[in-house]
Amino acid sequence: MRDNRQIVHIIKEQLRPPSERIPVIRWLKQNLFNSWFNAILTIVSTVLIVIAVFGLLRWALGARWEVIPTNLKLLLVGTYPAEHLWRVWATVYLVSFLLGFSSGSHGGLMRRVSTVVASVSVLLAILPFPWGTRGWLLGIAVVAAVGFGLGHLSKGIRRCKRLEIAAWLLSFPISLVLLNGMEGILPVIKGRTTWGFMLNLIGAVVGIGLSFPIGVLLALGRRSELPAIRWVCTAYIEIIRGVPLISLLFMASIMLQLLLPANVRPDLLIRAMMTITAFSAAYMAENVRGGLQAIPRGQYEAASAVGLNKALATILIILPQALRLVIPAIVGQFIALFMDTTLFGFIAILELLNITRSIMGNIEWRGTIFELYVFIGIAFWILCYSMSYVSRRIEKTLGVGER
Amino acid sequence: MSKKVASSQSIPFWRDIRVLRVVSQILFLIVIAAGIWWLLNNLQTNLKACGLKISFGFLKNTAGFPISEGLRYDPTDVNGYAFWVGIVNTIRVAVIGIVLATVIGVVVGVARLSSNWLVKKLAGIYVEVIRNIPLLVQLFFWYFAVMLTALPMVKNSISLPGSIYLTRRGVYMPWATVTESFSTWIFYVIGGLALAIIVYVLRRMQLKRTERPGFPIIWATTVLILTLVAGWFITPGNPLALSVPVLGRFNFEGGLWLSTSFTALLIGLSVYTGAFIAEIVRAGITAVSKGQTEAAKAIGLKNMLILRLVILPQALRVIIPPLASQYLNLTKNSSLAILIGYYDLMNVGTTIFNQTGRAVEMILLIMASYLTMSLLTSLLMNYYNRRMKLVER
Chain B
470 MRDNRQIVHI IKEQLRPPSE RIPVIRWLKQ NLFNSWFNAI LTIVSTVLIV IAVFGLLRWA
530 LGARWEVIPT NLKLLLVGTY PAEHLWRVWA TVYLVSFLLG FSSGSHGGLM RRVSTVVASV
590 SVLLAILPFP WGTRGWLLGI AVVAAVGFGL GHLSKGIRRC KRLEIAAWLL SFPISLVLLN
650 GMEGILPVIK GRTTWGFMLN LIGAVVGIGL SFPIGVLLAL GRRSELPAIR WVCTAYIEII
710 RGVPLISLLF MASIMLQLLL PANVRPDLLI RAMMTITAFS AAYMAENVRG GLQAIPRGQY
770 EAASAVGLNK ALATILIILP QALRLVIPAI VGQFIALFMD TTLFGFIAIL ELLNITRSIM
830 GNIEWRGTIF ELYVFIGIAF WILCYSMSYV SRRIEKTLGV GER
Chain P
105 MSKKVASSQS IPFWRDIRVL RVVSQILFLI VIAAGIWWLL NNLQTNLKAC GLKISFGFLK
165 NTAGFPISEG LRYDPTDVNG YAFWVGIVNT IRVAVIGIVL ATVIGVVVGV ARLSSNWLVK
225 KLAGIYVEVI RNIPLLVQLF FWYFAVMLTA LPMVKNSISL PGSIYLTRRG VYMPWATVTE
285 SFSTWIFYVI GGLALAIIVY VLRRMQLKRT ERPGFPIIWA TTVLILTLVA GWFITPGNPL
345 ALSVPVLGRF NFEGGLWLST SFTALLIGLS VYTGAFIAEI VRAGITAVSK GQTEAAKAIG
405 LKNMLILRLV ILPQALRVII PPLASQYLNL TKNSSLAILI GYYDLMNVGT TIFNQTGRAV
465 EMILLIMASY LTMSLLTSLL MNYYNRRMKL VER
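Here the protein sequences line up with chains B and P, keeping their order. Take the first sequence: its letters are residues 470 to 872, numbered as in the numbering used here. Take the second sequence: its letters are residues 105 to 497, numbered as in the numbering used here.
Hints listed in this document are in silico derivations from the structure and should not be mistaken for laboratory results. There may be inaccurate statements among the hints.
[Claimed, not checked] Residues from chain B shown here face chain P by an in silico Cβ test under 8 Å; the list is partial:
id, residue
1, 540
2, 701
3, 703
4, 708
5, 709
6, 712
7, 715
8, 811
9, 822
10, 838
11, 842
12, 846
13, 854
14, 857
15, 860
The C-beta atom is built at its ideal place from N, Cα and C for all residues, glycine as well.
The task is simple: from the sequences and hints, build the whole structure.
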């Protein structure tokens, strides 16, 4: 018996698989030059890459990058008065505190996100910004760390979970009040259509936040058994999805005041938000409908078998499962909405893209058009790419498609 | 006790599901109708206050504004015709954009699955970069930065092989122009088409009768080309002449002129949509199981043939539905033209609104146009989809 084992052991030793490491040349041969066609492709694309990288480097080294830091405040928060800037920071702190808290109590993806936020803020604080800004930036990491600590402590307490969800939900109105101000609490800040990049963020968050419940209702309506409700919802969804956002914005800018009574005159930003919510709700409804369709019939039948009526079955059984399935699609929708906020410029709202044109019009910054567009592109790219990365991670952790 | 049982046998109407369904629907419709009525009522009061009345009569008035490209148009033409010019411009940029985006998408999508590491990574970078930057930023980049800043003036234009000139005023390229003998040759074109259709139908019937696979379209095209070539030589003088752009005193003359905004819009839309189509193509190809490729390899097909004969026919079924929605997106996104000054239907529509102050009518017209286009595209795609669908037992 023992002998046999020894022999097996020896054979295993001798027959160990060859090492996985592939020499560089063999890797090149396998991946780049495995046929004459691939060899040509490799050479052509190498030449293209070299040309592109050299061109980019030469341009980037000669570019007038000082246009970005000089106008950074204008780009990010537009005409937001400097003495009220603390309110913007407070909003950022609120969100990063909540992020930290959630990461402390959940871990996983949340922890990674808040770690990235904190480390990015520390990294930014190293850059040569004015000292005040650096202090604020470092504060983000500190607040996130405090939140993390508190969240970690709260792990055992049962009621904290509800508190956390409530805090996240409350953070939307609190942020809006902080940023905009409210009669009697905080002074209202005038000229809220000229807040630069902040408007893109607010537009996306408000749009997705408001369109989500409407979208769920529309999706349920479209699958309703009652034909009247189904037809109305389907018509709404299909009409909105059939026209471009810009035509809806055009409608909001010139026709909305005709449809409302004479004493109701919402300002441009409100109108833009209404439009983007109405627009996004139709797409959201289609996403949610996708999730609803993926729920097998058995779930409905089981729900009614245990005596739940239609409404309860939908709320307690169907929606939680369906919404979980469509989280990635909703994140994708959020990204699309965020990118669509650049269209606000069409109705004379000075969001990032539109406020940039005022810098380009400045004689001092003539010819910095490439620098500015590259900056905008990078800013959007980083945010959108990291969001889609997060959504892919969520997809993995939720195990969508593995059920 | 027995009394209670008896009363529960006939359900009261407020708990009868059949009654409830009808009542709830009627209530819902009443609420919706009341909302719409309220909006329309407001509209009427507001319009009355402005002294306006909804009518489409303004479409017969003289437009009075210039449109620099598209169909032959004069500022003295009527508003309705100007709007039509806008619609045609939208269709023009959408159709060419769809073709270009499809080419880009297919090439990049296949490249993402290439066995060549470098090509695969490059294609991946392209897709990830383009998809995560707003389309409008890209359009502004192409229009303001590339077309209007980076390109040279007409005098020192960049010339590409084949007499294509890139300038700050747009792109000039050679184009075929109609000569006098074209009117004779057009008969050959019509005749050729008719002949091709006849050949197609006959060949198809024959194939069907003999129950053999084949490509009747190849026969038809051959017949058409032969007729066209024969007509070309029989007709005295060439029916089409190549017009090459030549630098005149101030500008290029002859050839085809693509305006800066059209070029920027076309590049922006096709590059952007191409990235999305690439992902769709990739997903479609990976949806075909690996065994199919291996089986094709086993019977000795070469890579290109495997792609053409085995993978693509199966992948197309997965690809077409999302592709259709991308085409629709491209068409809808072409409305961003208004922000870079291309005269599409959105731009002409808003211009007419600025001239006439007809808000409601113009919005209705614009939305109806886009809805019609969306509807037509999706009908076409559904038809194609049905034809391509797997015929199951």
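Right, here's what the structure says about each hint:
Residue-level restraint check for residue 540 of chain B is violated (minimum Cβ-Cβ distance to chain P is 17 Å; threshold 8 Å). With 8 Å as the threshold, the beta carbon of residue 701 of chain B comes within range of chain P, its nearest partner Cβ sitting at about 6 Å, so the hint holds. For residue 703 of chain B, the interface hint is violated, the least distance from its beta-carbon to any beta-carbon of chain P being 13 Å, above 8 Å. Contact between residue 708 of chain B and chain P, as hinted, is supported at the beta carbon level, the nearest pair being about 7 Å apart and thus within 8 Å.
The beta carbon of residue 709 of chain B is not positioned within 8 Å of any beta carbon in chain P (closest approach about 10 Å), and the interface hint is therefore violated. Nearest Cβ of chain P to the Cβ of residue 712 of chain B: about 5 Å, under the 8 Å cut. The hint holds. Because the beta carbon of residue 715 of chain B sits about 5 Å from the nearest beta carbon in chain P, less than 8 Å, this interface hint is met. The interface hint given for residue 811 of chain B is met, as the beta carbon of that residue sits about 4 Å from the closest beta carbon of chain P, less than 8 Å.
Restraint check, residue 822 of chain B versus chain P: the minimum CB separation of about 6 Å is within 8 Å; hint holds. Because the beta carbon of residue 838 of chain B sits about 5 Å from the nearest beta carbon in chain P, less than 8 Å, this interface hint is met. Hint status for residue 842 of chain B relative to chain P: holds, with the closest Cβ pair at about 5 Å, below 8 Å. With 8 Å as the threshold, the beta carbon of residue 846 of chain B comes within range of chain P, its nearest partner Cβ sitting at about 5 Å, so the hint holds.
The restraint placing residue 854 of chain B at the interface with chain P holds, with a minimum CB-CB distance near 5 Å, inside the 8 Å limit. Annotation: residue 857 of chain B was flagged as interfacial toward chain P, and the flag holds, the nearest CB pair being 7 Å apart, inside 8 Å. Interface hint at residue 860 of chain B: violated, since its Cβ lies 12 Å from the closest Cβ of chain P, which is beyond the 8 Å cut-off.
Hints 1, 3, 5, 15 from the list above are not met by this structure, while the remaining hints are.
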